[in-house]
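Asks: The whole structure should be built from the sequences, with the hints applied where relevant.
Number of protein chains: 2
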Amino acid sequence: MAVYTEVGDDDLEMFVAQYDIGNVLSCKGIAEGVENSNYLLSTDRGTYILTLYEKRVARADLPYFLGLMDHLAAKGIACPTPIHGRDGAALREVCARPAAIISFLRGLWVRKPSVAHCAALGDALGALHLAGRDFPLRRANSLSLDGWRKLSDEVATGAYEVEPSLGREIAAELEALTASWPLELPVGVIHADLFPDNVFFLDDRLSGLIDFYFACNDFLAYDLAICLNAWCFEPSGDFNATKARALTTAYRKVRRLDDAELAALPVLARGAALRFLLTRLFDWLHHVEGALVKPKDPMEYARKLRFHRGVTDPAAYGLT
Amino acid sequence: MAVYTEVGDDDLEMFVAQYDIGNVLSCKGIAEGVENSNYLLSTDRGTYILTLYEKRVARADLPYFLGLMDHLAAKGIACPTPIHGRDGAALREVCARPAAIISFLRGLWVRKPSVAHCAALGDALGALHLAGRDFPLRRANSLSLDGWRKLSDEVATGAYEVEPSLGREIAAELEALTASWPLELPVGVIHADLFPDNVFFLDDRLSGLIDFYFACNDFLAYDLAICLNAWCFEPSGDFNATKARALTTAYRKVRRLDDAELAALPVLARGAALRFLLTRLFDWLHHVEGALVKPKDPMEYARKLRFHRGVTDPAAYGLT
Numbered sequence: 001m002a003v004y005t006e007v008g009d010d011d012l013e014m015f016v017a018q019y020d021i022g023n024v025l026s027c028k029g030i031a032e033g034v035e036n037s038n039y040l041l042s043t044d045r046g047t048y049i050l051t052l053y054e055k056r057v058a059r060a061d062l063p064y065f066l067g068l069m070d071h072l073a074a075k076g077i078a079c080p081t082p083i084h085g086r087d088g089a090a091l092r093e094v095c096a097r098p099a100a101i102i103s104f105l106r107g108l109w110v111r112k113p114s115v116a117h118c119a120a121l122g123d124a125l126g127a128l129h130l131a132g133r134d135f136p137l138r139r140a141n142s143l144s145l146d147g148w149r150k151l152s153d154e155v156a157t158g159a160y161e162v163e164p165s166l167g168r169e170i171a172a173e174l175e176a177l178t179a180s181w182p183l184e185l186p187v188g189v190i191h192a193d194l195f196p197d198n199v200f201f202l203d204d205r206l207s208g209l210i211d212f213y214f215a216c217n218d219f220l221a222y223d224l225a226i227c228l229n230a231w232c233f234e235p236s237g238d239f240n241a242t243k244a245r246a247l248t249t250a251y252r253k254v255r256r257l258d259d260a261e262l263a264a265l266p267v268l269a270r271g272a273a274l275r276f277l278l279t280r281l282f283d284w285l286h287h288v289e290g291a292l293v294k295p296k297d298p299m300e301y302a303r304k305l306r307f308h309r310g311v312t313d314p315a316a317y318g319l320t
Numbered sequence: 321m322a323v324y325t326e327v328g329d330d331d332l333e334m335f336v337a338q339y340d341i342g343n344v345l346s347c348k349g350i351a352e353g354v355e356n357s358n359y360l361l362s363t364d365r366g367t368y369i370l371t372l373y374e375k376r377v378a379r380a381d382l383p384y385f386l387g388l389m390d391h392l393a394a395k396g397i398a399c400p401t402p403i404h405g406r407d408g409a410a411l412r413e414v415c416a417r418p419a420a421i422i423s424f425l426r427g428l429w430v431r432k433p434s435v436a437h438c439a440a441l442g443d444a445l446g447a448l449h450l451a452g453r454d455f456p457l458r459r460a461n462s463l464s465l466d467g468w469r470k471l472s473d474e475v476a477t478g479a480y481e482v483e484p485s486l487g488r489e490i491a492a493e494l495e496a497l498t499a500s501w502p503l504e505l506p507v508g509v510i511h512a513d514l515f516p517d518n519v520f521f522l523d524d525r526l527s528g529l530i531d532f533y534f535a536c537n538d539f540l541a542y543d544l545a546i547c548l549n550a551w552c553f554e555p556s557g558d559f560n561a562t563k564a565r566a567l568t569t570a571y572r573k574v575r576r577l578d579d580a581e582l583a584a585l586p587v588l589a590r591g592a593a594l595r596f597l598l599t600r601l602f603d604w605l606h607h608v609e610g611a612l613v614k615p616k617d618p619m620e621y622a623r624k625l626r627f628h629r630g631v632t633d634p635a636a637y638g639l640t
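In order, the protein sequences belong to chains A and B. Numbering follows the working numbering, in which position 233 of the first sequence is assigned residue number 233; successive positions increment by one, without gaps. Quick note: to get the working numbering, add 320 to the position in the second sequence (first position is 1).
Bear in mind the hints are in silico, worked out from the structure with no lab data behind them. Incorrect hints may have been included.
Some chain B residues judged to face chain A by a derived CB distance under 7 Å, without partners named [unchecked claim]:
id, residue
1, Ser346
2, Lys348
3, Ala351
4, Arg426
5, Leu497
Yeah, the Cβ is synthetic: ideal placement off N, Cα and C, and Gly gets one too.
Replies: Following this line, the structure appears as structure tokens:
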């Protein structure tokens, strides 16, 4: 959560005048997204999100993210859509930062996803992967093996603070994944961060997916593995195979998983767990005491990783 | 700015069910108010603010604040109004905190108030003071002389970090104000924090006043002095007497200032400057390095205080 940049009334007025969205009635900084400054903007025509992209998002990646939202929305995926200005552009600048106005998506995220929520997610993830097939832009996943290696080096000296053997465990895992990571699987646009807080529901119906700022091109099944980790473990740490079965079954009704993808799922799930273990560990070690943003527990993902290391057959995920 | 408490979807649903405001469509934590957790709540009936009162607001004061907003709104003052639940209560609990749903007020605050904005403020402040006359509850101003003394003790050892002689200056000022502070002036309900960010405008028309969580009973002219400090100094530090004249003239058209109030204005303005110097200095000294909330510069108010020390006649404020 963050509002890093404060947009004054004058700047706002000049910015909004470049769009055909009516007159501003209010503009509130919202505590959403760690990466960007977000405002809930209300005009006499509707409600929008104003996003200022802060330094953690590379400017060169913005056409990919905004273009992807345009593309997906055009294909019927419920997701935020960039509003284009009178000049046709969706990306411009305010307060010396790249900025865009995005449509506002109704809904709440569920804190305790049920089996039915997991099924709805699987359906939406499958539809997302199909809709992304003909998106023409490309963006490499900076948080795959190479990125993990870099992060692993950066947390190497501090990891012991969290758990004495954690650094060794990460190094060993990285070596194992380097050896076993799939070379070829169906690729496409993945969301790469589809945690419960990025999936909105209204009356238990999925109302949309948000936050495409980690989206990239990678193995489609890796996206499913991220969701297995984020949605199918209980707060106790136990893996809920019923939820996993609901998620994967719904996904497979929309998009077929081939044999190689099924076989790779345990190793993809280990990679997905390592990815969030590393970024959480990094944030944990660089956390400022007393800052408002509370870092997430890296050990949650170390425990998920250990679970997947014990999985040899995708049947453990409820797949049949 | 802060969201300290995260309200989950389940808690929210149960809470909102106690009101007749329709079904929740979205709920976003907003970066507004340092004291409380605020959410922008949208339902199929309208937009509201959900406030969870954190520990900096005394629970015993909440009936005063909420009752005052009810009272003022009934008198036609444009301000947020507590929504009463099906049981008639405006104050209840969520996530173990006192909480209320308040009507949402449209508008933006102006970063660079003009003379016309200051006149609109004076008019609204006068109307606020008249509307508060028959409000039956009482709350002492905890940030008057006694409060300043306590704060002064707490910052005494750290003040030199900001400016070597600042501690001595504060002690001397406190002594001077103790000797010269008025004993009797017209009293009533004051807002006590009517800075530009608490006054909303739409198309240069004042659309409402917000944030009554410092409201209390004190000298009415002290509220005007707070506004002189908050609205009539330029970013350069210069006092803009044209703005001050616009503010006070508009105020006096609504509520007469008697001779004693006029004569007291310079000492009230010194007190108002000391009050914000002390709280800002306290926050500055207790600031956590790297935290998202950037403390406000205490020296801005030391400079305002010095200006007022040189004022012997209220004519300096543009009053005639």
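Asks: Hint by hint, note whether the structure agrees.
Replies: A quick look at each hint next to the structure:
1. Taking 7 Å as the C-beta contact cut-off toward chain A, the hint placing serine 346(B) at the interface holds, the least distance being around 5 Å.
2. The beta carbon of lysine 348(B) comes within 5 Å of a beta carbon in chain A, closer than 7 Å, and the hint placing it at the interface holds.
3. The restraint placing alanine 351(B) at the interface with chain A holds, with a minimum CB-CB distance near 4 Å, inside the 7 Å limit.
4. Using the Cβ-Cβ criterion of 7 Å, the hint placing arginine 426(B) at the interface with chain A is satisfied: the shortest such distance is roughly 4 Å.
5. Proximity of leucine 497(B) to chain A is violated relative to the hint, the smallest CB-CB distance being about 33 Å (cut-off 7 Å).
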